[in-house]
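With these hints in hand, go ahead and build the complete structure from the sequences.
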Amino acid sequence: MIRGRVIGEVWATRKAPRLAAKKLLLVAEMRVSPDGEHATGRVVVATDTLDAGQGDTVVVAFGSGARNAEAPGSRDVLVDASVVQVVDGSTSPGSP
Amino acid sequence: MIRGRVIGEVWATRKAPRLAAKKLLLVAEMRVSPDGEHATGRVVVATDTLDAGQGDTVVVAFGSGARNAEAPGSRDVLVDASVVQVVDGSTSPGSP
Amino acid sequence: MIRGRVIGEVWATRKAPRLAAKKLLLVAEMRVSPDGEHATGRVVVATDTLDAGQGDTVVVAFGSGARNAEAPGSRDVLVDASVVQVVDGSTSPGSP
Amino acid sequence: MIRGRVIGEVWATRKAPRLAAKKLLLVAEMRVSPDGEHATGRVVVATDTLDAGQGDTVVVAFGSGARNAEAPGSRDVLVDASVVQVVDGSTSPGSP
Amino acid sequence: MIRGRVIGEVWATRKAPRLAAKKLLLVAEMRVSPDGEHATGRVVVATDTLDAGQGDTVVVAFGSGARNAEAPGSRDVLVDASVVQVVDGSTSPGSP
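Protein chains in written order, with our numbering: chain C, 1 to 96; chain S, 101 to 196; chain E, 201 to 296; chain D, 301 to 396; chain X, 401 to 496.
Where hints are given, some of them may not hold.
Below 35 Å or equal to it, Euclidean Cα-Cα: the simulated DSBU-like pairs (lysine-lysine) are [as the list claims (entries may be wrong)]:
| no. | chain 1 | residue 1 | chain 2 | residue 2 |
| --- | --- | --- | --- | --- |
| 1 | S | 122 | C | 22 |
| 2 | E | 223 | C | 22 |
| 3 | X | 423 | E | 222 |
The set of hints was computed from the structure by calculation and includes no laboratory data.
This structure is a prediction, so every number in the text was calculated from the model and none was measured.
In structure tokens, the structure reads:
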């Protein structure tokens, strides 16, 4: 899993049918350097079942972890990244 | 999933038999920096069932997410990246 | 698997239900250069069943490796990274 | 999947038994920049069932995509990267 | 799969029970540039069933490829990287 910040949302009319009802967030991955936290520039597109908002720090799970967040034990989910936590705080530099 | 831009198409006569009928797109991954969006330089080869065109901004799913986009619940698809959305717009810098 | 250093912990009230009882660590990936070990800047969020502490060097497994560390043979774990070893020492530069 | 160039081959006498009959290619991943195509420096080791040769541009699939290229629907293949296409041409900069 | 060089070993007393009997190697990933081969700085922790030694060039498989190297067809292995070949030679720059 990675920690990132919600920087936006993406929408579309042409999409895979089973993505129809899903909100897709743009999440900017965060890195840590000696002078604090920065965006890596890498942007992940993740589904969200926790109603995360713009600017929130979130934890994103990938692969079957993400699919299990969408539908536990399911094998046919087409999502590969999902927000699994909206971060309240952390003990690392640059909280939350 | 990642967001990228369609920069081309790739074709071949020698290929794995089950790729025979598939269109393969070249998708340039996009990153975000303080002055807008740029290509990361990384190029993904993805199948496309949504008829995305040159220059379109798309969302690409990976791994079994991509296989489920191709054939839900299937276990023997050899694709590992697939366009799952043609982006109409976004709230992030540098839309769509 | 990668080797990293525990740099903190992350907590939340809004999270996927099945993450409720899990401690989530922030682990900074380590790289090796001719003059020793450094953090790559990449930070992984991993579960921990070994009670690793701040500053510990750990080995993190990903994907179904991580899920099997959480619950052997299980198919519905939503974790994709897990601490599988707290390192005592190594023969590489910059031990442990 | 990624696009890369075949830069060599690797051989061994000590190897996992089920790799015994497999040719392993070294494939240099290609990136795109405004002035054309370059190697990223990243090198992937991939199996090849299409008889790709030195200098060929190829598409490489990963994970279970690669395993399905080796043996459709199989669950015990130990390969994680496989050449699935020898590229004839493309519409992107720096063809093929 | 990737090609890398064995740079050390890592050991621990606190570890996931099913890692108890496994040797864990530190493998430095190799890249290729016009003037030869270099370490990328990225270090992978991999299990080893081929008795690779310090300085050996090896091929490492990931994900279920690695798990199948450990135990063919098994679903509950917690390893995600495994040495599958000790390289004798190659035709790429900077052999082996």
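Results of checking the hints against the structure:
no., hint, result
1, S:122 <-> C:22, "holds (26 Å)"
2, E:223 <-> C:22, "holds (28 Å)"
3, X:423 <-> E:222, "holds (28 Å)"
In the structure shown, no violation is registered for any of the earlier numbered hints.
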